[in-house]
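**Student:** So the chains spell out like this:
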Amino acid sequence: MNLWNKLMCYSRRRSPWLFHMNGGSCNGCDIELIASLTPRYDAEQLGVRLEGSPRHADILCITGPITHNAVGAIKVVYDQVFGPKAVVAIGSCPATTNVFIESRTLDGPLNKHIPVDVFVPGCPPRPDAIIQGVAKAAEILAERASKKLPVAPVVMPLVGEGCGGACACGGSGGCATKEVQA
Amino acid sequence: MNMTTALARLLIFPGLLFAIPGAWFILWVERKAVALMQGRIGPPFMQPFFDFIKLLGKDTPPREGIGGMLMKAWPLIAVSAAAGAVGLLPVLPSSGGFEGDLILLLALLEVPSMCIIAAGFSSRSIFGEIGSAREAVLSVSYNIVFLLAILSIAASQHTFSLETLAQLPASPLRWLGVLALLICLPAKLHLNPFSLPNAEQEIYSGPMTEYAGPELAMWELSHGLEWVAATGLVATLAAPHVTFGWLAILIFVAFSFGIVLMLSAVASATARLAIDTTVRFYWQVTLIFAVLAISSALFMRFRS
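Chains A and B, in that order, give the protein sequences. For the first sequence, this note's numbering begins at 12 and goes up steadily by one. For the second sequence, this note's numbering begins at 14 and goes up steadily by one.
Please keep in mind that the hints were generated in silico from the structure rather than gathered at the bench. A few of these clues could be false.
[Said to hold, decoys possible] Okay, the calculated beta carbon distance ranges per label pair:
1. A:Leu-14 <-> B:Phe-58: 15 to 23 Å
2. A:Ser-114 <-> B:Pro-34: 34 to 42 Å
3. A:Asn-13 <-> B:Leu-260: 25 to 33 Å
4. B:Gly-78 <-> A:Gly-83: 38 to 46 Å
5. B:Leu-24 <-> A:Leu-14: 22 to 30 Å
[To be verified] If you want the ones that stay clear, here's a sample from chain A, every Cβ over 10 Å from chain B, calculated:
6. Met-19
7. Tyr-21
8. Ser-26
9. Asp-53
10. His-67
11. His-79
12. Ile-112
13. Arg-115
14. Thr-116
15. Pro-120
16. Leu-169
For glycine and all other residues, C-beta sits at the position ideal for the given N, C-alpha and C.
The task is simple: from the sequences and hints, build the whole structure.
**Tutor:** As structure tokens, then:
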């Protein structure tokens, strides 16, 4: 791998631009994705930028359990993102259709329609879990561009639901308490 | 000025070799300043460089026919015009030869905005067309004030030559003109109170909606170069003139930096205005100001 390729991989890892798409979500994950860009979590430190147009994006962030109406739109938007690209499924809904399972209005889960690279579980996932998922997707992006190999989807660990890593569970979600981080 | 120094000015300082890192630096300062003012940490120092390299490595959309060729050409024209404008800035005193005047600099500064309008319309995306229409309306509004301010500066000092303007001591009338220029800069650079054309999320990305990969990288670069040229123009007019080379460069860079910080502060403190408010602001509020500047400049000229 020559110097230019190394620089390119490094740049891809350091500059993930997101496009956010709602596939029938309840808006819970959507506000958590926006929260990850706010002063408290500040994903821009990793070079993350929320783009207005799918043409500009590298990483497609999809929320929601994929309704019948959303399927066509998701396929179109996936094709509008130019490669190398990665897909992050945010929340439990796109992974398993969650509590809406076997609903007649759904056509999920997401990986039935497009290849997904990273699943971020949670209902909704915490903003730090989303940032971790996006960082993982950026790594996959750099890897894929250099090796031209399909990479198996990654399921991120559940990051401390409720406690935010403040208690003894260390953010693994084992405690399931609802203590708010001080 | 012989051929070598002319080339050195165009290619090294304040030309391309200085201008491209300068453009990245200014883009970073703007993002970082906005982040700090919002209580965030903000992007790392090399962020605009990483963005540029990453965009170069992305796939390019297939473009066919005359429309496709035009779409590929607009960002390149914008970058070369903006780079030419930066190369004209009289930071170092020249010794004869080609020196651009204010009119050429203004024309080159106007080209990127024309390219944005044309790019939006030739992309045939509905969001691009809305963005282009907004950019055109905005450009008609602020350019009257911008040009009147420049004219008042030139009329009060009896010259259109940038070199002479940079060397002459500033008169009170020039400060009025510089103030009017500063009011137009946020609209020229699509900063927040007047960020209508590329209104993120509202009309996707405006004229840039259909651009991707290397073409988008060129747009980012041309935006950065526009920053360097526009702040450089104000810095040239406002900074005190010194003949000593290194000090002149230092003062120029310091003034540009100050202007970038000021514009970022305004951008982070304000929200986007609607198109009618923006047009009213320029035609009703600042136009009076600019007419006052130019009429007093002309009056002074006839008196003397």
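**Student:** Compare the structure with each hint and give your call.
**Tutor:** Hint check results:
In this structure, A:Leu-14 and B:Phe-58 meet the distance hint of 15 to 23 Å, their C-beta atoms being roughly 20 Å apart. The hinted range of 34 to 42 Å is not satisfied by A:Ser-114 and B:Pro-34, whose Cβ atoms lie roughly 54 Å apart. For the pair A:Asn-13 and B:Leu-260, the supplied restraint of 25 to 33 Å is violated, since their beta-carbon distance comes to about 42 Å. A hinted range of 38 to 46 Å is violated for the C-beta pair B:Gly-78 and A:Gly-83, which are about 27 Å apart.
For B:Leu-24 paired with A:Leu-14, a C-beta distance near 24 Å keeps the hint of 22 to 30 Å intact. The claim that A:Met-19 is not at the interface with chain B is violated, since a C-beta of that chain comes within 10 Å of its own (minimum 5 Å). Not every beta carbon of chain B lies more than 10 Å from that of A:Tyr-21, the smallest distance being close to 7 Å; the non-interface claim is violated. Residue-level check failed: A:Ser-26 sits 4 Å from the nearest beta carbon of chain B, not beyond 10 Å.
For A:Asp-53, the shortest C-beta to C-beta distance to chain B comes to about 4 Å, within the 10 Å cut-off, and the non-interface label is violated. A beta-carbon of chain B is positioned within 10 Å of the beta-carbon of A:His-67; the least distance is around 6 Å. Here A:His-79 stays apart from chain B, with its beta-carbon at least about 25 Å from theirs, past the 10 Å limit. A cut-off of 10 Å between C-beta atoms confirms that A:Ile-112 is not in contact with chain B; the least separation is 32 Å.
Non-interface call for A:Arg-115 relative to chain B: holds, since the shortest CB-CB distance, roughly 33 Å, exceeds 10 Å. Listed as a non-interface residue, A:Thr-116 keeps its Cβ farther than 10 Å from every Cβ of chain B; the least gap is roughly 27 Å. At roughly 27 Å, the least C-beta separation between A:Pro-120 and chain B is larger than 10 Å, which holds for a residue marked as non-interface. At roughly 26 Å from the closest C-beta of chain B, the C-beta of A:Leu-169 stays outside 10 Å, upholding its exclusion from the interface.
Checked against the numbered hints above, the structure violates hints 2, 3, 4, 6, 7, 8, 9 and 10; every other hint is satisfied.
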